[in-house]
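Peer 1: These protein sequence lines map, in sequence, to chains X and Y.
According to the working numbering, the stretch in the first sequence is residues -1 to 236, in order.
According to the working numbering, the stretch in the second sequence is residues -1 to 236, in order.
Be a bit skeptical, because a hint or two may be false.
The list treats identical chains as interchangeable, and a pair is accepted whether it falls inside one copy or across any two copies.
Think about it this way: if two alpha-carbon atoms lie no more than 16 Å apart in a straight line, the pair counts; the simulated EDC-like pairs of lysine to aspartate or glutamate are [stated by the list, open to error]:
hint, residue 1, residue 2
1, Lys75, Glu10
2, Lys54, Glu156
3, Lys22, Asp133
4, Lys24, Asp194
5, Lys200, Glu163
6, Lys24, Glu12
7, Lys207, Asp224
8, Lys22, Asp206
9, Lys200, Asp224
10, Lys200, Asp133
11, Lys75, Glu12
12, Lys50, Glu117
13, Lys54, Glu10
14, Lys207, Glu156
15, Lys203, Asp224
16, Lys207, Asp133
It should be emphasised that the hints constitute simulated quantities derived from the structure, not laboratory data.
Protein chains: 2
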Amino acid sequence: MSSHHQSEVHLEFEPIGHIRSPFKEKFGIPRQPGVTQHVTGQIVLPNNQTMKSAIKGIEACSHLWLLFVFHACPQGKWKPTVRPPRLGGNRHVGVFATRSPFRPNPIGMSVVRFDGVKEDEQALYLCISQHDLLDQTPILDIKPYVPYADALEDAHHEWANASWEVCPVTFSDEAAQTLAQRPHTRALLEEILQQDPRPAYKKGKPDDKLYGVHIEDLNVQFQFIDGACVVVCVTPQT
Amino acid sequence: MSSHHQSEVHLEFEPIGHIRSPFKEKFGIPRQPGVTQHVTGQIVLPNNQTMKSAIKGIEACSHLWLLFVFHACPQGKWKPTVRPPRLGGNRHVGVFATRSPFRPNPIGMSVVRFDGVKEDEQALYLCISQHDLLDQTPILDIKPYVPYADALEDAHHEWANASWEVCPVTFSDEAAQTLAQRPHTRALLEEILQQDPRPAYKKGKPDDKLYGVHIEDLNVQFQFIDGACVVVCVTPQT
């Protein structure tokens, strides 16, 4: 990509582990990590002495940074500009001014809440929540969130701010009944759908499409009617 | 490293550019990015249409995250535990509980202040400051700092906090004279040496060693006498 001698370096990395997440596909993953109070998951690491040592003392951290690979994005298909949903999906901005997953090096960076360690014979599990990570995401690195260095008081960003319009979410009788025994899953779905996962250009326009998303072990179908999201049906993934 | 099928993935990345920094060697780089008010530098990208597009709109950001390679650390030499200077350099902690550069995947992550773009025929230069990056560091990615997502109010870390003892710094007459026409360099040196770049176990013990560090185009020699750092001499790097 570059004729600079410093750039003629090929770097090879190997994942240290992977993510277990209720998000089974890219569509539907919240664009804001902060809103996903009900999203739990795990960083799965091999259960061996090396990894046990490598996570020693990690309980000192309330939050972790994860460096990961955007493995569901086709590689080599990045474009220098993207159209962020924040700007209505119709203004072009340079990829380095955004957190878009389509990047020259498809490495993602996300802060997650850290809730403790579990283990079984197969693996070590770092329990996390409030994340926005796809199931099976390969993890490259784990770093502590260090408030004095990472929480900048004087930083600003012109157009990426927290306020989104929240879309009301209702459930059909059938969907409500299916979820009656799974209040956590229902709350998770509400959080996800409140963010309106459709492409930004669909908002505020008539749209009778039936959308589907795979969350946990469920297929969820929903529709947008008069500015509200209606969960039409919820069925087990086969 | 792992027998998990998800980990049998080899990932290849290529730097998008590199860093120009006054820090010419690892020794002396502040362990706290926040204290380096006088440290300026540049992200050097190839000057072509792709990169021009990729940084479009980056002026919206006051700060940038850089993902980079710890290129001065010997590869494949990581150990699962490290002894952070924060803990006095004698307590072992897992590498994932620290920001140590000796990691299974030697990828670093640093937030820097963004001061604007310059260009010439060869390159695009993103001017940065308050960074802690070694000269020639390969850059893998640039991402905007997004305050609502990155500046966590409720995060904590048990032992990595901002308060360090600051070491007084004085200059020999000779060193002061050499730096008389370079007040910015003198201020930079003060900032760096106030942090006491010696290994943590040296602190508070008699130490008559003459230390040297290569900053900008200068060789700087200094000594610790009665708890203060004395810059003994400053000479041009040959």
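Peer 1: Does each hint fit the structure? Answer for all of them.
Peer 2: Hints, verified against the model:
In this homomeric assembly, Lys75 and Glu10 come within 16 Å of each other (Cα to Cα) only across copies, at 15 Å, whereas the closest approach inside a single copy is 19 Å. Taking the closest pair of Cα atoms, Lys54 and Glu156 come within 16 Å of each other only across two copies (13 Å); inside a single copy the shortest separation is 39 Å, beyond that limit. In this homomeric assembly, Lys22 and Asp133 come within 16 Å of each other (Cα to Cα) only inside a single copy, at 5 Å, whereas the closest approach across copies is 41 Å. In this homomeric assembly, Lys24 and Asp194 come within 16 Å of each other (Cα to Cα) only inside a single copy, at 14 Å, whereas the closest approach across copies is 47 Å.
Taking the shortest Cα distances, Lys200 and Glu163 sit within 16 Å of each other inside one copy (14 Å), while across copies they are farther apart (55 Å). Taking identical chains as interchangeable, the C-alpha atoms of Lys24 and Glu12 are never at most 16 Å apart, the minima being 22 Å within one chain and 25 Å between chains. With identical chains, the CA atoms of Lys207 and Asp224 are at most 16 Å apart within one copy only, with a shortest distance of 13 Å there and 75 Å across copies. For the identical chains of this complex, Lys22 and Asp206 are neighbours neither inside a copy (24 Å) nor across copies (60 Å), given an alpha-carbon limit of 16 Å.
For a Cα distance limit of 16 Å, the shortest separation of Lys200 from Asp224 inside one copy, 13 Å, qualifies, whereas the shortest one across copies, 69 Å, does not. In this assembly of identical chains, the alpha carbons of Lys200 and Asp133 never lie at most 16 Å apart, being 26 Å within a copy and 46 Å across copies at closest. Taking CA atoms no more than 16 Å apart as the test, Lys75 paired with Glu12 passes between copies only; the shortest distance there is 15 Å, against 21 Å inside one copy. Within a single copy, Lys50 and Glu117 get their C-alpha atoms as close as 10 Å, which meets the 16 Å cut-off; across copies the closest is 47 Å, which misses it.
In this assembly of identical chains, the alpha carbons of Lys54 and Glu10 never lie at most 16 Å apart, being 26 Å within a copy and 29 Å across copies at closest. For the identical chains of this complex, Lys207 and Glu156 are neighbours neither inside a copy (33 Å) nor across copies (49 Å), given an alpha-carbon limit of 16 Å. Taking the closest pair of Cα atoms, Lys203 and Asp224 come within 16 Å of each other only inside a single copy of the chain (9 Å); across copies the shortest separation is 73 Å, beyond that limit. Within a single copy, Lys207 and Asp133 get their C-alpha atoms no closer than 26 Å, and across copies no closer than 53 Å, so neither meets the 16 Å cut-off.
Hints 6, 8, 10, 13, 14 and 16 from the list above are not met by this structure, while the remaining hints are.
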